[in-house]
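In full-length UniProt numbering, the protein residues as written are 1 to 457.
Note that these hints are calculated values from the structure, not bench results.
From the three backbone atoms N, C-alpha and C, an ideal C-beta is built for every residue, glycine too.
A few of these clues could be false.
To be verified - Listed below are the simulated DSSO-like cross-link pairs for lysine-lysine, each with C-alpha atoms no more than 27 Å apart in a straight line:
| no. | residue 1 | residue 2 |
| --- | --- | --- |
| 1 | Lys-75 | Lys-59 |
| 2 | Lys-80 | Lys-107 |
| 3 | Lys-165 | Lys-198 |
| 4 | Lys-165 | Lys-206 |
Claimed, not checked - The calculated label-pair distances, taken between Cβ atoms and stated as ranges, are:
| no. | residue 1 | residue 2 | range |
| --- | --- | --- | --- |
| 5 | Pro-300 | Glu-164 | 53 to 59 Å |
| 6 | Glu-277 | Glu-450 | 22 to 28 Å |
| 7 | Ser-176 | Asp-99 | 34 to 40 Å |
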Amino acid sequence: MKNKSFTYHIFLLLFGIIIIPKSTIAQVREPLKDTLVQDNLGNVEDQFQEHFFEALAQKGIENYEKAIDALMQCKKIAPKKTIVDFELGKNYKALKNYDNAEDSFKKVLKERPNDKDVLSEIYEVYYLIQNYKKAIPIAESLAKYSVNYYEDLANLYGLTKQYEKALDALEKIDESEGYSDYREALRNKIFSESNDPKLREAYLKKEIEKFPNMEDNYLELMHFYATQNNMDKAYKVVEELQQRKPNSSAAHFILFKKHLVNYEDEKAIASMKIVLENTNNEVIKKSVIQAFIQLVKEKPQYEDELISTLENQMDSSEESDELVGQYLAKNNNNKAYEHYLNRLKNDPNNFELLKKVIHLEVKNQKFETALKRSNEALNVYPTQPFFYYYKGVALRNLSKPNLAIDSFQEGLEYLIENKELELYFYQEMFESYKVLSDVEMIKKYQQKIEALKNNKS
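All chains should be modelled from the sequences, with the hints used to inform the complete structure.
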């Protein structure tokens, strides 16, 4: 059976890395040995048997030179026995005497040209000496016994710059074994090494013919044409996909980009909606939303359309959800508050969500709610200065300046290396002491604020 490590090492060779195993790869080929020994031992002299089994014993303890000596004695007695040459080849290979190993295996192949065990042994020799041209016809013979050898052939063809044959070999094993990340990486490496873009184009077109409903194939061909700066062909692929799948998010994602470039805003918005409704790909969603936000910055007349679209995305995943929240926080506090509050219901102890919700409650002057939520947050995060700050702000605005000052002072004890938040604390304490008309403390915190601002600048 084919040794799987060959494929891995040859793949590394294709990437320019040469790895020679420290130990020999092959195991003893029991089927050949048993057949030849059983066929001949009954007819040979006791002396032959003695030398032959001595050779096997010496090889078993890795004493390859003595094994060879014993086999040479066998050869004198029975020079035509192929089992002797087979064992000689394996011992020579173990000693890295590859020329003699090759000669020995060739002698066996003259008598047994289709023996897969011998083919496998001589294949390993050619691999070890990196003679890929000699290895190829052997691998082609072995592929008749195991389809996995087509992987080796793909590597070997690639190493010898026979790129079309390499791709054909990969296609044969894909037909038998299905998709493989390893083979896909090898295929892409072959495309890269060949410097012939027509090979990749032909492959992708063939994949679309074989699997016309698989969107990824269209996307890859679109991307290929885009990298070749051939957008006309890329858009034709988009149209082909759109005809087959009218609501294809992949097709409309490309069309969305195209319409934006061509200032076809209404068409861009229509494609955007189809993308957002039909894809679960967060990278695509995020890209579309960001592009639309940029469009609204340039053309504010579409803001209502944007907000409506963002609202529909509120139940999306965390990444696009966050993008929605960021925009709403800048443009619509009430919508942003509703957005983050809904998320907080599903994750009530989320630190970042608590900060955002309490911040918006303070900003929207919901001070009682902010105070209650700050206390709840401090039960979970008792050393987080943010929540002491928000609690203090809520208390000050609820006309409880002394309690506010207590909260600010406690929060400052937990504050570490955050000059911006420290400034906010001082500003709030300054405002609290103003309510109390404490002139001395007002002056103290005014100086702290000025000193901190000067240090920041």
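Tested hints:
1. A C-alpha spacing of about 17 Å is found between Lys-75 and Lys-59, which places the hinted pair at or below 27 Å, so the restraint holds.
2. A C-alpha spacing of about 9 Å is found between Lys-80 and Lys-107, which places the hinted pair at or below 27 Å, so the restraint holds.
3. Of the pairs offered as hints, the one joining Lys-165 and Lys-198 holds, with about 14 Å between alpha carbons and a cut-off of 27 Å not exceeded.
4. Note on Lys-165 and Lys-206: the hinted pairing holds, with a Cα-Cα distance of about 16 Å set against a maximum of 27 Å.
5. Judged by the Cβ atoms, the range 53 to 59 Å given for Pro-300 and Glu-164 holds: they are separated by roughly 55 Å.
6. Evaluation of the 22 to 28 Å hint for Glu-277 and Glu-450 yields a failure: the beta carbon distance comes to about 54 Å.
7. About 36 Å separates the C-beta atoms of Ser-176 and Asp-99, a value consistent with the hinted range of 34 to 40 Å.
Hint compliance for this structure: hint 6 is the single one not met.
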